[in-house]
Amino acid sequence: MIVRILGGGQFRVDDAAAAELNQLDADLESAVERSDEPAFTAALTRLLAQVRAQGAPLPPDILESSDLILPHEDSSMDEVRKLLTDEGLIPG
Amino acid sequence: MLMKGTAARMGVMKRVSLVFKAKANRALDKMEDPRETLDYSYQRQLELLTKVRRGVADVATSRKRVELQMNQLQQQADKLQTQARKALGMGREDLAREALTRKASAQTQLDELQTQYAQLQAEEEKLTVASQRLQAKVDAFRTRKETIKATYTAAEAQTRINEAFSGISEEMGDVGMAIQRAEDKTAQMQARAGAIDELMASGALDDAVGGRRDDIQSELDMMSANSDVERELAMLKGEITTGAPKQLEGSAPNGTSQGTQDTQGQQAPQQSQEPGPYAPQYNPQQEQEQEQEQAQPPQQSQQTQPAGLPVSDLPGLADEPQDGDRS
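Residue numbers (the numbering used here), protein chains in the order written: chain A, 1 to 92; chain B, 93 to 419.
One thing to keep in mind: the hints can contain errors.
Claimed, not checked - Below 20 Å or equal to it, Euclidean Cα-Cα: the simulated DMTMM-like pairs (lysine to aspartate or glutamate) are: (1) B:277 <-> A:74; (2) A:82 <-> B:275; (3) B:113 <-> A:67; (4) B:241 <-> B:125.
Said to hold, decoys possible - Among chain A residues calculated to face chain B with C-beta under 7 Å, some are: (5) 7; (6) 25; (7) 60; (8) 63; (9) 65; (10) 66; (11) 83.
Derived by calculation from the structure, the hints in this document are not laboratory data.
Please read these numbers as outputs of a predicted model, since none were measured by experiment.
The beta carbon of each residue, even a glycine, is placed where N, CA and C say it ideally should be.
So here's chain A without its partners, still in its complex pose:
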């Protein structure tokens, strides 16, 4: 599968890594729901590190959309909340 880290490019990640990523993603989401900023930052950092460790960067001239998209490395929780709403942060 292809995972994009916003501002960090796309990665091809083996499907076998999905379970682990999903667990980390669940931590991230629960932190957002609890409005727990430190937990959010920790979960996001772990998730991004995992994608980078497991994935291989996709060459930039590949035109493929991603299966999963992760927030920017230095995202605030507020930013991620907006990202999750349709009218949120994505311009255009």
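Mind docking chain B on chain A? Use the hints.
For chain B alone, coordinates are given in the frame of chain A:
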């Protein structure tokens, strides 16, 4: 769109990707002829490329502004340090304390600017990378676009167009956000930079760069001018008591002319005495004045000097060379 319960199970990564896809699909739906999508999208890609490059330039401009301010603040901090040392040398601990307090304030600003500088540098780097990635994708899209147009009928092309479009539109959304973030960050820092400019202009950090004389410097100057006067007075008294009235009439440039000039003029006395150690610092003016000094009697040179030398500068320049001369 998404139900709350579903969304919760789906996780952040999937939801964000769905938001991106929804956006791309809505754009696609607006197009009546799928091929039209290709050209329209390509135009927008080129516009975005221009925008991201302009973003890089804007951030670089902000970074340079911060750099300039850092240099100014550093100069001020150095100057205040010198002033503090000088004030302490004159036994004015109060002035030294004031100078050091201002230096600490300048240093705080400097530290903040250093952080900002690093952030702007990081933004600049991110945008540069984003523009390179987008460029690569746009090139790929252009190739794909030509292939699709040449090979497929409008009906056949649909799927391929959708793929290409989704691929690029995700990148465009990503780059668009990067530009937005950089703009936000730059705007914050410009506001901060403006505040620091005001602070420097107010004199709270003492504006060395503008050449304005600050109050610490004025006081130091006045003190050293006063002590010069005292010294000259003592010297004159000495001459009078040893009984040499002829020298006072002006035949001796060293004694008399210097006594009167020191309180208003700065370079001439030391030049007429000893041009050596300070000559390189004041070159053109100095030679001129030296000629004047030699050609004219001291009284005349006293009158001509103030015209060429701003009064506000006089006390400050007066003390330094003289200290060197006499100690």
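These are the hints, each one checked on the structure:
In summary, the hint linking residue 277 (chain B) to residue 74 (chain A) is supported, as the alpha carbons are separated by about 12 Å, within the 20 Å threshold. Taking the CA atoms of residue 82 (chain A) and residue 275 (chain B), the gap is about 18 Å. The hint holds against a cut of 20 Å. For the proposed pair residue 113 (chain B) and residue 67 (chain A), the alpha carbon gap of about 10 Å is at most 20 Å, so the pair holds. Between the alpha carbons of residue 241 (chain B) and residue 125 (chain B) the distance comes to roughly 12 Å, so the proposed pair stays at or under 20 Å and holds.
The interface hint given for residue 7 (chain A) is met, as the beta carbon of that residue sits about 5 Å from the closest beta carbon of chain B, less than 7 Å. This hint holds: residue 25 (chain A) has a C-beta 4 Å from the nearest C-beta of chain B, less than the 7 Å allowed. The interface hint given for residue 60 (chain A) is met, as the beta carbon of that residue sits about 4 Å from the closest beta carbon of chain B, less than 7 Å. The criterion of a C-beta within 7 Å of any C-beta in chain B is met by residue 63 (chain A), whose closest approach is roughly 3 Å, and the hint holds.
For residue 65 (chain A), the shortest C-beta to C-beta distance to chain B is roughly 4 Å, which falls under 7 Å, so the interface hint holds. A least Cβ separation of about 6 Å between residue 66 (chain A) and chain B falls short of the 7 Å threshold, and the interface hint therefore holds. Interface restraint check for residue 83 (chain A): the shortest CB-CB distance to chain B comes to about 6 Å, inside 7 Å, so the restraint holds.
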